[in-house]
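Asker: What follows is the residue order along each chain.
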Amino acid sequence: MATVAEVSIDRGEDKRQRRWHILVFLLPALLVYTAVMILPLIETLRLSLFNVKDGQSAFVGFGNFQVLFGDPRWAASFWNALGNNFIFFLIHMLVQNPIGVALAALLSVPKLRFGAFYRTAMFLPTLLSFVIVGFIWKLILSPIWGVSPYLLDLVGLKSLFSPWLGKPDTALIAVSLISVWQYVGIPMMLIYAAMLNIPDEVLEAAECDGVTGWSQFWKIKLPLILPSIGIISILTFVGNFNAFDLIYTVQGALAGPDGSTDILGTLLYRTFFGFQLQIGDKSMGATIATVMFLIILSGVCLYLFAIQRRMRRYQF
Amino acid sequence: MGSTTLKTLLMATSILATAGFAHAADTTLTIESWRTDDLAIWQEKLIPAFEAKNPGIKVKFAPTPPTEYDAALGARFDAGSAGDIITCRPFDKSLEQFKRGNLTSLNDLPGMKNFSDVAKAAWTTDDGKDTFCVPMASVIHGFIYNKDAFEKLGIAIPTTEAEFFAALDKIKADGTYIPMAMGTKDLWEAATMGYQNIGPTYWKGEEGRAKLIKGEAKLTDPEWVEPYKVLLKWKDYLGDGFEAQTYPDSQNLFTLGRAAIYPAGSWEIGLFNTQAQFKMGAFPPPVKNAGDACYISDHNDIGAGLNAKSAHPEEAKKFLEWVASPEFADIYANALPGFFSLNSTPVKMADPLAQEFVSWREKCKPTIRSTYQILARGTPNLENETWVESANVINGTDTPEAAAKKLQDGLDSWYKPAK
Numbered sequence: 001m002a003t004v005a006e007v008s009i010d011r012g013e014d015k016r017q018r019r020w021h022i023l024v025f026l027l028p029a030l031l032v033y034t035a036v037m038i039l040p041l042i043e044t045l046r047l048s049l050f051n052v053k054d055g056q057s058a059f060v061g062f063g064n065f066q067v068l069f070g071d072p073r074w075a076a077s078f079w080n081a082l083g084n085n086f087i088f089f090l091i092h093m094l095v096q097n098p099i100g101v102a103l104a105a106l107l108s109v110p111k112l113r114f115g116a117f118y119r120t121a122m123f124l125p126t127l128l129s130f131v132i133v134g135f136i137w138k139l140i141l142s143p144i145w146g147v148s149p150y151l152l153d154l155v156g157l158k159s160l161f162s163p164w165l166g167k168p169d170t171a172l173i174a175v176s177l178i179s180v181w182q183y184v185g186i187p188m189m190l191i192y193a194a195m196l197n198i199p200d201e202v203l204e205a206a207e208c209d210g211v212t213g214w215s216q217f218w219k220i221k222l223p224l225i226l227p228s229i230g231i232i233s234i235l236t237f238v239g240n241f242n243a244f245d246l247i248y249t250v251q252g253a254l255a256g257p258d259g260s261t262d263i264l265g266t267l268l269y270r271t272f273f274g275f276q277l278q279i280g281d282k283s284m285g286a287t288i289a290t291v292m293f294l295i296i297l298s299g300v301c302l303y304l305f306a307i308q309r310r311m312r313r314y315q316f
Numbered sequence: 001m002g003s004t005t006l007k008t009l010l011m012a013t014s015i016l017a018t019a020g021f022a023h024a025a026d027t028t029l030t031i032e033s034w035r036t037d038d039l040a041i042w043q044e045k046l047i048p049a050f051e052a053k054n055p056g057i058k059v060k061f062a063p064t065p066p067t068e069y070d071a072a073l074g075a076r077f078d079a080g081s082a083g084d085i086i087t088c089r090p091f092d093k094s095l096e097q098f099k100r101g102n103l104t105s106l107n108d109l110p111g112m113k114n115f116s117d118v119a120k121a122a123w124t125t126d127d128g129k130d131t132f133c134v135p136m137a138s139v140i141h142g143f144i145y146n147k148d149a150f151e152k153l154g155i156a157i158p159t160t161e162a163e164f165f166a167a168l169d170k171i172k173a174d175g176t177y178i179p180m181a182m183g184t185k186d187l188w189e190a191a192t193m194g195y196q197n198i199g200p201t202y203w204k205g206e207e208g209r210a211k212l213i214k215g216e217a218k219l220t221d222p223e224w225v226e227p228y229k230v231l232l233k234w235k236d237y238l239g240d241g242f243e244a245q246t247y248p249d250s251q252n253l254f255t256l257g258r259a260a261i262y263p264a265g266s267w268e269i270g271l272f273n274t275q276a277q278f279k280m281g282a283f284p285p286p287v288k289n290a291g292d293a294c295y296i297s298d299h300n301d302i303g304a305g306l307n308a309k310s311a312h313p314e315e316a317k318k319f320l321e322w323v324a325s326p327e328f329a330d331i332y333a334n335a336l337p338g339f340f341s342l343n344s345t346p347v348k349m350a351d352p353l354a355q356e357f358v359s360w361r362e363k364c365k366p367t368i369r370s371t372y373q374i375l376a377r378g379t380p381n382l383e384n385e386t387w388v389e390s391a392n393v394i395n396g397t398d399t400p401e402a403a404a405k406k407l408q409d410g411l412d413s414w415y416k417p418a419k
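Keeping their order, the protein sequence lines are chains G and D. The opening residue of the first sequence carries number 1 in the UniProt record's numbering; numbering runs sequentially from there. The opening residue of the second sequence carries number 1 in the UniProt record's numbering; numbering runs sequentially from there.
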């Protein structure tokens, strides 16, 4: 995630001194960030160009990438993971973000009672550890002890239940929806904040012009919160393509059944660290990490240059 | 604004606390292990027994959780801070440490003669020259069954495949019990408790495994596909929603008395004894036709090696010599029913279920899991692929033939058997 800080420089001064203190103040954060983020990133990029040959680390250029995309097995698992990752992202965009917007819209209704309670309750899953979330949902969806078959049975719809997490065609959707449940609080909060920022005058003016209810939402509120939706989309994108933890806890490192929930994060984990009898392959792991980095980078760039620049912002 | 010169001095004081080591006259040996569950057994039974006989040597058991063990141990080897005694994973993981010079060859350890070659196979180099860990324990596969259920339904212990399925049919028809407690969610259950459990009967144990390694047999050959065909038949006898049934689910289904048969590894014995409220028995994988030779998977699981950079190699060797002794085998096997000593001296076990498992060694031919030695070295990894495909066969995602073909293709892509 990139944070852009704009520093406006006071040009009213006659004599400009070198402001060393800015450097001094920036330095600690810069050092820490370099040590824990930038150097490992560079090292990863470097590692992706090396591989072990005859027991020695040797420069192989783009050889690892050739293997990843050229070898039918590597390519198959990579494209499978990338495809699943896109589905994972798509479900978040189509389910998590609209629900987040809807919840925020409901929360910002002035007459709502217990608003603070709902807000906290709906944000709570985001604060839970993914281990807890994964475990709870595995239990809820368990065909043996789960409450979901029991509840469906109570209303006579037991036939609708199936072991979703264990079937290749439903597992990915199920895991995505668990993730949506966990993180829906984030778009909700951001949109909620954006909606609170809309001045009452604008809404009152709209009401005077006869724009109320749904059309007020579509014509006034939505355009004003669009920048926030943009930010949420990019956060979702980065988050989803870096995702790993929930799938790992719910489906294990092999991301079964039959690799149907395997995303780039789990593929990277298995490749880099190894799994069970599979011994980790640091070079190929770094190669996958590099590809992930490039995918995320290009996505973020696309957003920054193609979308955010065209977005209209309103000043009040 | 006036020009102010800001001088900020940030002082960070770090106190490096150096821990003072109280050096006693005793030598302390540290054991690295992933068996966190065994902490009490080591502290209460094994270590006191050793220390009583070897005054001047203190032993500390320092386990790391299983999922972190391999990575943590690797890091400690690199940093030179690994313990003196290393608990060895079977096969390639330990072999790699030996090749890197982290483990010492133990060929000259007199106690090694207490172990057979099959027992030492998991910790011996491919050429058979060096053995680098003392075999500690193995696990045996088979089926644990609910004795009460079998008595109630009047089922005799099945010895052949036909009897086995007849028994399952009978349990299913009765409806009180789920015939078999196994799920495919965690994948490895299907491979380890399923394929590797019944497989040796069809591929004739060590004979088939050796052929596979030599390249004389392929996974697509009938004897390797047949276990998958049998596994596919299991599908009808598993519980509702077995696709999402996890390993702990299966364990609980059985120990709560809801399932009649549990495809097992002997490591379950300890847990099942404390949890199940009914009588349990065990039977080995059924043979195809009555009178056929039976085969069991008696898989080497734990060994103990010597850190090559240990500061106290002499004391550590004394300890390993003791690990190789029948005395250790006796304490260990009885403290941990289900982890069987690999020592050639038979150990008498107090636990009847464990005794049942180990008694199969006398009538059946033991083998180790087919995917562990040599064949799990490359990418794709045969063992991990076997997990996926075994679950696929039971789930109906792949036919037995298709699964076998995928496995063989994967193996062919990197494994070239020595001609």
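Hints listed in this document are in silico derivations from the structure and should not be mistaken for laboratory results. Where hints are given, some of them may not hold.
Below, computed lysine to aspartate or glutamate pairings styled on EDC-like, alpha-carbon distance capped at 20 angstroms [as the list claims (entries may be wrong)]:
#  : chain 1 : residue 1 : chain 2 : residue 2
1  : D       : Lys120    : D       : Glu362
2  : D       : Lys406    : G       : Asp200
3  : D       : Lys53     : D       : Asp351
4  : D       : Lys288    : D       : Glu206
5  : D       : Lys416    : G       : Asp71
6  : D       : Lys405    : G       : Asp54
7  : D       : Lys93     : G       : Asp71
8  : G       : Lys282    : D       : Asp240
9  : D       : Lys147    : D       : Asp126
10 : G       : Lys282    : D       : Glu362
11 : D       : Lys93     : G       : Asp54
12 : G       : Lys167    : D       : Asp37
13 : D       : Lys113    : D       : Asp126
14 : G       : Lys282    : D       : Asp108
15 : D       : Lys416    : G       : Asp54
16 : G       : Lys167    : D       : Asp236
17 : G       : Lys53     : D       : Glu96
18 : G       : Lys282    : D       : Asp92
19 : D       : Lys235    : G       : Asp169
20 : G       : Lys138    : D       : Asp126
21 : D       : Lys120    : D       : Asp108
22 : D       : Lys363    : D       : Asp409
23 : G       : Lys158    : D       : Glu96
24 : D       : Lys235    : D       : Glu163
25 : G       : Lys219    : G       : Asp245
26 : G       : Lys282    : D       : Glu321
27 : D       : Lys99     : G       : Asp54
28 : D       : Lys99     : G       : Asp71
29 : D       : Lys279    : D       : Asp351
30 : D       : Lys172    : D       : Glu206
Some chain D residues well away from chain G (every beta-carbon gap over 12 angstroms; in silico) [claimed, not checked]:
#  : residue
31 : Thr30
32 : Ala40
33 : Asp92
34 : Lys93
35 : Asp108
36 : Glu151
37 : Lys185
38 : Leu187
39 : Ala190
40 : Ala217
The C-beta atom is built at its ideal place from N, Cα and C for all residues, glycine as well.
Asker: Now look at each hint and say whether the structure bears it out.
Answerer: Here is how each hint holds up against the structure:
With a C-alpha separation of about 19 angstroms, the suggested pair lysine 120 of chain D and glutamate 362 of chain D falls inside the 20 angstroms cut-off, and the hint holds. A hinted pair counts as satisfied when its Cα atoms are at most 20 angstroms apart, and lysine 406 of chain D with aspartate 200 of chain G does not qualify at roughly 64 angstroms. The straight-line distance between the Cα atoms of lysine 53 of chain D and aspartate 351 of chain D is roughly 27 angstroms, outside the 20 angstroms bound, and the hint therefore fails. Under the criterion of a C-alpha separation no larger than 20 angstroms, the hint pairing lysine 288 of chain D with glutamate 206 of chain D is consistent with the structure, at around 17 angstroms.
Between the alpha carbons of lysine 416 of chain D and aspartate 71 of chain G the distance comes to roughly 17 angstroms, so the proposed pair stays at or under 20 angstroms and holds. Proposed proximity of lysine 405 of chain D and aspartate 54 of chain G is contradicted: the alpha carbons are some 31 angstroms apart, above 20 angstroms. Restraint check for lysine 93 of chain D and aspartate 71 of chain G: not satisfied, since their Cα atoms lie roughly 26 angstroms apart, outside the 20 angstroms limit. A distance of roughly 41 angstroms separates the Cα atoms of lysine 282 of chain G and aspartate 240 of chain D; the hinted pair therefore is violated under the 20 angstroms criterion.
Between lysine 147 of chain D and aspartate 126 of chain D the CA atoms are separated by roughly 43 angstroms; this puts the pair beyond 20 angstroms, and the hint is violated. The hinted pair formed by lysine 282 of chain G and glutamate 362 of chain D fails the criterion: a straight-line CA distance of about 45 angstroms is larger than 20 angstroms. Using a Cα cut-off of 20 angstroms, the hinted pair lysine 93 of chain D and aspartate 54 of chain G holds, with the two alpha carbons roughly 19 angstroms apart. For the given pair, lysine 167 of chain G sits about 33 angstroms from aspartate 37 of chain D by alpha-carbon distance, which is inconsistent with the 20 angstroms threshold.
Taking the CA atoms of lysine 113 of chain D and aspartate 126 of chain D, the gap is near 19 angstroms; set against the 20 angstroms cutoff, the hint holds. For the hint pairing lysine 282 of chain G with aspartate 108 of chain D, the CA-to-CA distance comes to about 36 angstroms; that exceeds 20 angstroms, so the pair is violated. Between lysine 416 of chain D and aspartate 54 of chain G the alpha-carbon distance is near 17 angstroms, which keeps this suggested pair within the 20 angstroms criterion. For a cut-off of 20 angstroms, the pair hint linking lysine 167 of chain G to aspartate 236 of chain D stands: about 16 angstroms separates their Cα positions.
The straight-line distance between the Cα atoms of lysine 53 of chain G and glutamate 96 of chain D is roughly 16 angstroms, inside the 20 angstroms bound, and the hint therefore holds. Proximity of lysine 282 of chain G to aspartate 92 of chain D is assessed by CA-CA distance (about 17 angstroms); at most 20 angstroms being required, the pair is judged to hold. For a cut-off of 20 angstroms, the pair hint linking lysine 235 of chain D to aspartate 169 of chain G stands: about 19 angstroms separates their Cα positions. Straight-line distance between C-alpha atoms of lysine 138 of chain G and aspartate 126 of chain D comes to about 42 angstroms, which puts the hinted pair past the 20 angstroms bound.
A C-alpha spacing of about 14 angstroms is found between lysine 120 of chain D and aspartate 108 of chain D, which places the hinted pair at or below 20 angstroms, so the restraint holds. Distance hint between lysine 363 of chain D and aspartate 409 of chain D is unfulfilled; the C-alpha atoms sit about 36 angstroms from each other, more than 20 angstroms. Restraint check: the Cα-Cα separation between lysine 158 of chain G and glutamate 96 of chain D comes to about 51 angstroms, which exceeds 20 angstroms; the hinted pair is violated. Taking the CA atoms of lysine 235 of chain D and glutamate 163 of chain D, the gap is near 17 angstroms; set against the 20 angstroms cutoff, the hint holds.
The suggested pairing of lysine 219 of chain G with aspartate 245 of chain G is violated, with an alpha-carbon distance near 39 angstroms, which exceeds 20 angstroms. Taking the CA atoms of lysine 282 of chain G and glutamate 321 of chain D, the gap is near 37 angstroms; set against the 20 angstroms cutoff, the hint is violated. A hinted pair counts as satisfied when its Cα atoms are at most 20 angstroms apart, and lysine 99 of chain D with aspartate 54 of chain G qualifies at roughly 14 angstroms. Between lysine 99 of chain D and aspartate 71 of chain G the CA atoms are separated by roughly 29 angstroms; this puts the pair beyond 20 angstroms, and the hint is violated.
Between the alpha carbons of lysine 279 of chain D and aspartate 351 of chain D the distance comes to roughly 13 angstroms, so the proposed pair stays at or under 20 angstroms and holds. With a CA separation close to 34 angstroms, the supplied pair lysine 172 of chain D and glutamate 206 of chain D exceeds the 20 angstroms bound. For threonine 30 of chain D, the non-interface assignment is confirmed: its Cβ lies about 25 angstroms from the closest Cβ of chain G, beyond the 12 angstroms cut-off. No beta-carbon of chain G is positioned within 12 angstroms of the beta-carbon of alanine 40 of chain D; the least distance is around 26 angstroms.
Not every CB of chain G lies more than 12 angstroms from the CB of aspartate 92 of chain D, the least distance being 7 angstroms, so the non-interface label is violated. Interface exclusion of lysine 93 of chain D from chain G breaks down, the closest Cβ pair being 7 angstroms apart, not more than 12 angstroms. Even its closest Cβ contact with chain G, about 27 angstroms, leaves aspartate 108 of chain D beyond 12 angstroms, as expected for a residue assigned away from the interface. Taking the minimum C-beta to C-beta distance to chain G, about 25 angstroms, the non-interface status of glutamate 151 of chain D holds against the 12 angstroms cut.
With 12 angstroms as the threshold on Cβ separation, the claim that lysine 185 of chain D sits away from chain G is violated: the shortest Cβ distance comes to roughly 5 angstroms. Chain G draws leucine 187 of chain D into its interface by the beta-carbon criterion, the shortest separation being 5 angstroms against a cut-off of 12 angstroms. With a cut of 12 angstroms on Cβ distances, alanine 190 of chain D falls inside the contact zone with chain G, its closest approach being about 10 angstroms. Listed as outside the interface, alanine 217 of chain D is consistent with that label: its C-beta sits roughly 20 angstroms from the nearest C-beta of chain G, beyond the 12 angstroms cut-off.
In this structure, the earlier hints numbered 2, 3, 6, 7, 8, 9, 10, 12, 14, 20, 22, 23, 25, 26, 28, 30, 33, 34, 37, 38, 39 are contradicted, and the remaining ones agree with it.
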